[in-house]
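*Asks:* Given the coordinates of chain A, work out where chains B and C should sit on it, guided by the hints.
Protein chains in written order, with this note's numbering: chain A, 1 to 396; chain B, 1 to 185; chain C, 1 to 256.
No wet-lab data here; the hints were simulated from the structure.
Hints may be right or wrong, so weigh each one.
Calculated from the model, a selection of chain A residues having no Cβ within reach of chain C, i.e. all distances over 12 angstroms [as the list claims (entries may be wrong)]:
hint	residue
1	N169
2	E172
3	A220
4	G240
5	R300
6	L303
Distance condition first, Cα-Cα at most 30 angstroms in a straight line; then the derived BS3-like pairs of lysine-lysine [to be verified]:
hint	chain 1	residue 1	chain 2	residue 2
7	A	K230	A	K317
8	C	K207	A	K323
9	B	K75	A	K79
10	A	K275	C	K207
11	C	K143	C	K207
12	A	K275	C	K143
13	B	K108	A	K79
14	C	K207	A	K79
15	C	K207	B	K108
C-beta: ideal position from N, C-alpha, C; glycine also.
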Amino acid sequence: MSTTETPAGVPSFELDRNALRHLADAQINVELDTGDMILNLGPQHPATHGTLRLVVRLDGERVLAADPVIGYMHRGYEKLTEVRTYPQITTLINRIDWLSSFANEVPFINAAEKLMGIEAPPRATYIRTILTELSRISTFILFLGEMGLQVGALTPAFYGFRDREHVLNLIEGATGGRFHPNFNRIGGLKDDLPWGWVSETRSVMKMMLDSCDQFEDLVAGNEIFHARTKGIGVIPGDIGTAYGVSGSNIRASGVDWDLRRDGEPYLAYPDLDFKVWTHADGDSFARYWVRLQETRESVRMVLQLLDGLPSGPVMAKVPRIIKVPEGEAWVETENPLGQMGYYVVSKGATGPFRCKIRSASFSNVSILPWLLRGVYVPDVVTILASLYFILGDIDR
Amino acid sequence: MPKPLTWLLNYSRKYSLWMFQWGLACCAIEMAAALASPRYDMMRLGVIPFPASPRQADLVVISGTVTDKMAPAIKRLYEQMPDPKYVISMGSCSNCGGPYWDSYSVTKGVDQIIPVDIYIPGCPPRPEALLQGIVMLQEQIQNEGIGNDQMRQRWRGEPVVIDGPHSAPVELTAKPDSEPAVPVA
Amino acid sequence: MPDETPEPSDAEAPAAGDAPAPAEAEPEPEPEPEPDPRHVELLARLDATLGDAVIEHADALGNLVVRIRNDAWGRFAEVAKSDLECDYLSFVSGIDWAPAPKEGGDDGGSDTSSPVQPTEMTFGAAGSGGRFQVFAHVQSTTKLWGLTVKVDVDEADPAVASWVSVYPGADWHERETWEMYGVRFDGHPSLRHLYLPAEFEGHPLRKDFPLLARVVKPWPGLVDVEAMPEEASASEPTSAEDATEEPAAVTEGGGA
Numbered sequence: 001m002s003t004t005e006t007p008a009g010v011p012s013f014e015l016d017r018n019a020l021r022h023l024a025d026a027q028i029n030v031e032l033d034t035g036d037m038i039l040n041l042g043p044q045h046p047a048t049h050g051t052l053r054l055v056v057r058l059d060g061e062r063v064l065a066a067d068p069v070i071g072y073m074h075r076g077y078e079k080l081t082e083v084r085t086y087p088q089i090t091t092l093i094n095r096i097d098w099l100s101s102f103a104n105e106v107p108f109i110n111a112a113e114k115l116m117g118i119e120a121p122p123r124a125t126y127i128r129t130i131l132t133e134l135s136r137i138s139t140f141i142l143f144l145g146e147m148g149l150q151v152g153a154l155t156p157a158f159y160g161f162r163d164r165e166h167v168l169n170l171i172e173g174a175t176g177g178r179f180h181p182n183f184n185r186i187g188g189l190k191d192d193l194p195w196g197w198v199s200e201t202r203s204v205m206k207m208m209l210d211s212c213d214q215f216e217d218l219v220a221g222n223e224i225f226h227a228r229t230k231g232i233g234v235i236p237g238d239i240g241t242a243y244g245v246s247g248s249n250i251r252a253s254g255v256d257w258d259l260r261r262d263g264e265p266y267l268a269y270p271d272l273d274f275k276v277w278t279h280a281d282g283d284s285f286a287r288y289w290v291r292l293q294e295t296r297e298s299v300r301m302v303l304q305l306l307d308g309l310p311s312g313p314v315m316a317k318v319p320r321i322i323k324v325p326e327g328e329a330w331v332e333t334e335n336p337l338g339q340m341g342y343y344v345v346s347k348g349a350t351g352p353f354r355c356k357i358r359s360a361s362f363s364n365v366s367i368l369p370w371l372l373r374g375v376y377v378p379d380v381v382t383i384l385a386s387l388y389f390i391l392g393d394i395d396r
Numbered sequence: 001m002p003k004p005l006t007w008l009l010n011y012s013r014k015y016s017l018w019m020f021q022w023g024l025a026c027c028a029i030e031m032a033a034a035l036a037s038p039r040y041d042m043m044r045l046g047v048i049p050f051p052a053s054p055r056q057a058d059l060v061v062i063s064g065t066v067t068d069k070m071a072p073a074i075k076r077l078y079e080q081m082p083d084p085k086y087v088i089s090m091g092s093c094s095n096c097g098g099p100y101w102d103s104y105s106v107t108k109g110v111d112q113i114i115p116v117d118i119y120i121p122g123c124p125p126r127p128e129a130l131l132q133g134i135v136m137l138q139e140q141i142q143n144e145g146i147g148n149d150q151m152r153q154r155w156r157g158e159p160v161v162i163d164g165p166h167s168a169p170v171e172l173t174a175k176p177d178s179e180p181a182v183p184v185a
Numbered sequence: 001m002p003d004e005t006p007e008p009s010d011a012e013a014p015a016a017g018d019a020p021a022p023a024e025a026e027p028e029p030e031p032e033p034e035p036d037p038r039h040v041e042l043l044a045r046l047d048a049t050l051g052d053a054v055i056e057h058a059d060a061l062g063n064l065v066v067r068i069r070n071d072a073w074g075r076f077a078e079v080a081k082s083d084l085e086c087d088y089l090s091f092v093s094g095i096d097w098a099p100a101p102k103e104g105g106d107d108g109g110s111d112t113s114s115p116v117q118p119t120e121m122t123f124g125a126a127g128s129g130g131r132f133q134v135f136a137h138v139q140s141t142t143k144l145w146g147l148t149v150k151v152d153v154d155e156a157d158p159a160v161a162s163w164v165s166v167y168p169g170a171d172w173h174e175r176e177t178w179e180m181y182g183v184r185f186d187g188h189p190s191l192r193h194l195y196l197p198a199e200f201e202g203h204p205l206r207k208d209f210p211l212l213a214r215v216v217k218p219w220p221g222l223v224d225v226e227a228m229p230e231e232a233s234a235s236e237p238t239s240a241e242d243a244t245e246e247p248a249a250v251t252e253g254g255g256a
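Here chain A stands alone, though its shape is the one from the complex:
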């Protein structure tokens, strides 16, 4: 110690009691005085579904604060819509939510048709509804498989991709493109359905029901999956709506709100008889379960639509060069990811003056700073997977 005499030739040094405190305390098992760690997930990361960057401050394995950094896929959609004509925009907006591309076109085309006062013929409306529900099924089947991948199971992802191929075959048969079909036109559709498509769809829908049963057994019935997802990432209903969370996410928190039933009537949904699924828990398992049930419900809706498919033209009479009269229109639809809306301001030109795109994932992801407080790092991945966002939908 410092009071003893140091022998000659040995350098003396003062022992710093403060520096030694950590060593002493470590032997007695007292809380260590550690600092926070900043962990950067992304923008390239297998877990983040695309180019989302999540900067989290950790205390050990617990998240203290999370800050999502978005914009790595920002392509400037709202500015691009101001310099494009309506048919060009239809091509472009397919790529906002790139998994369920057909569903992105529908609200925009509906807004343009509302402004022009044109109504698509009933057959076109029905086919649009069928294709929207098919894109919902293809998105959700992929989700059911890929959420298993995010919690650590490799097999469900392969099943998801394999089953999705059947639906993509159908969409390709009708529209020519596996996704990004660009099939809607103002006033109707580009083309009618090919021969044999209806019977092919019926058999694929039966396959999809079997697939859903398989996912229910394989993933939703798995006790490891339960342990990983039950109680993780609970979103209370009122906080979710204040953040703007929509779609299956908010229905899994008990809010009974589905724009196909509750919003302004659009497409053929008023003619259909379907159930809106909700779950009371609001955790990641609830979100998985709601999407599973909604996939089955969409299959039933497609079968109803096929039974009631009217005959007739698929395109209304529209002028050659589309000039949309002055006005403003707001159309919102229940897309697979949530509520998608377009606020189109037109001044009578061939393109919109301002087109505000309200995308679902933007609001769904904005709840992450609130939701990720106090969660463990592996649960961050589970929560990201269960919210199911698409980067193009966030960043536009």
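*Replies:* Below, chains B and C alone, put in the same frame as chain A:
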């Protein structure tokens, strides 16, 4: 290096490409379909998509829109890959900016940042197109070093000079009352 | 809305919740369609709580648009959450009503790809006090109604109150609006860039922010497109391609 050894080296390299998982946008879904779906299985070509780290990969497929915010990350990850490395640009967004060519935040093509070996056109290109692109890359790998200096350039990380029939610029001014640019033989 | 065919040239045309019918060349004006009862209720509640802060309101094809005073923006959020029972925030964004500059300069006339917008500044539903507006849409998941609300912001120093304390989801929407238009939100915890890199200069969605790629070079697909039949016959072709190209079979359905 003697010819049979070069041939054997290239043969073994081309059939064991380790691909770095780099999916940006919609083309990533087609790439994932090419990898994960049993229909377009890419692993039968020898392309193993397992490394999630660039330090163990020799092929990267840039699929999707490259934004100005993302560009530094792409450059950094490309530089982390060890030589010899190959880049495939998949889809029109990474080829040339694609449908967002006039956007204020999109890089008009990933070849502004990193050198690209194969361009796959399409929006999105079908998984079969990606498979064809990989087959083309494999042919290119097979022909490296035999008769040209590409192998040495690649293993040292130098810019690769492609010597081929299309290396001279072709004039593409098709005036309607003149001869077509490419003679129809 | 039920689809009813309007009676041809009948003076007493029934108007039970009819959308204004397309032009049927009726000599008498159509009687006013009955307003949506939800809109009536919303306006009544707004009148009771905000009073004269509501400047104007309009019905834009079934959507209620209300314009309020700038100083009432923060109060509106509380009113919407409590009195109007609108628990769901859809979006907050901005509009720039200035006319778009002509793309490509004065001699960009041959670029038929970009739509030509009117050159006077006109405003939309519920009017506007100036160039910039901030607008938002709130909805109720229980009452199943919603409304769009607009507010004018000063052109020189655009600022308005922040909604973050009432609707926490407005955090990101306001950051985006600031980034795209330059509108300041007083009370927002950290107004920083959301989409764009930190060193980006300018506010992209303003009409005077040019898309440089279009200014430098017209749309690359132009050389393959022959002029529309109306334009080709109306004006003489401006370039050699238009003159000597054989008009190919034009497809129906409104090509790009």
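*Asks:* Please work out if K207(C) and K108(B) have their alpha carbons no farther apart than 30 angstroms.
*Replies:* 23 angstroms, holds
*Asks:* Holds or violated: is the Cβ of E172(A) farther than 12 angstroms from all Cβ atoms of chain C?
*Replies:* Consistent with the label, E172(A) stays out of reach of chain C, its closest Cβ about 19 angstroms off (over 12 angstroms).
*Asks:* Would the pair K75(B) and K79(A) pass a check requiring their Cα atoms to be no farther apart than 30 angstroms?
*Replies:* 27 angstroms, holds
*Asks:* Confirm or reject: L303(A) is not an interface residue toward chain C, with every Cβ-Cβ distance exceeding 12 angstroms.
*Replies:* 26 angstroms, holds
*Asks:* Keeping to a limit of 30 angstroms between CA atoms, is the pair of K275(A) and K143(C) held or broken?
*Replies:* With Cα atoms ~19 angstroms apart, K275(A) and K143(C) stay inside 30 angstroms; holds.
*Asks:* Taken at face value, is the distance from the CA of K323(A) to the CA of K207(C) at most 30 angstroms?
*Replies:* 21 angstroms, holds
*Asks:* Does the structure keep K230(A) and K317(A) at a Cα separation of 30 angstroms or less?
*Replies:* 53 angstroms, violated
*Asks:* Once the closest CB in chain C is found, is it more than 12 angstroms from A220(A)?
*Replies:* 26 angstroms, holds
*Asks:* Hey, does R300(A) actually stay past 12 angstroms from chain C on C-beta?
*Replies:* Non-interface label stands for R300(A): nearest chain C Cβ at 24 angstroms, farther than 12 angstroms.
*Asks:* Regarding the pair K275(A) and K207(C), is the alpha-carbon distance no greater than 30 angstroms?
*Replies:* With a Cα-Cα distance of about 45 angstroms, the restraint between K275(A) and K207(C) is violated, given a limit of 30 angstroms.
*Asks:* Going straight from one Cα to the other, do K108(B) and K79(A) come out at no more than 30 angstroms?
*Replies:* 17 angstroms, holds
*Asks:* Does N169(A) sit more than 12 angstroms from chain C, CB to CB?
*Replies:* For N169(A), whose nearest Cβ neighbour in chain C is about 24 angstroms away, the distance exceeds 12 angstroms, so it holds.
When each numbered hint is compared with the structure, violations occur for hints 4, 7, 10, 11.
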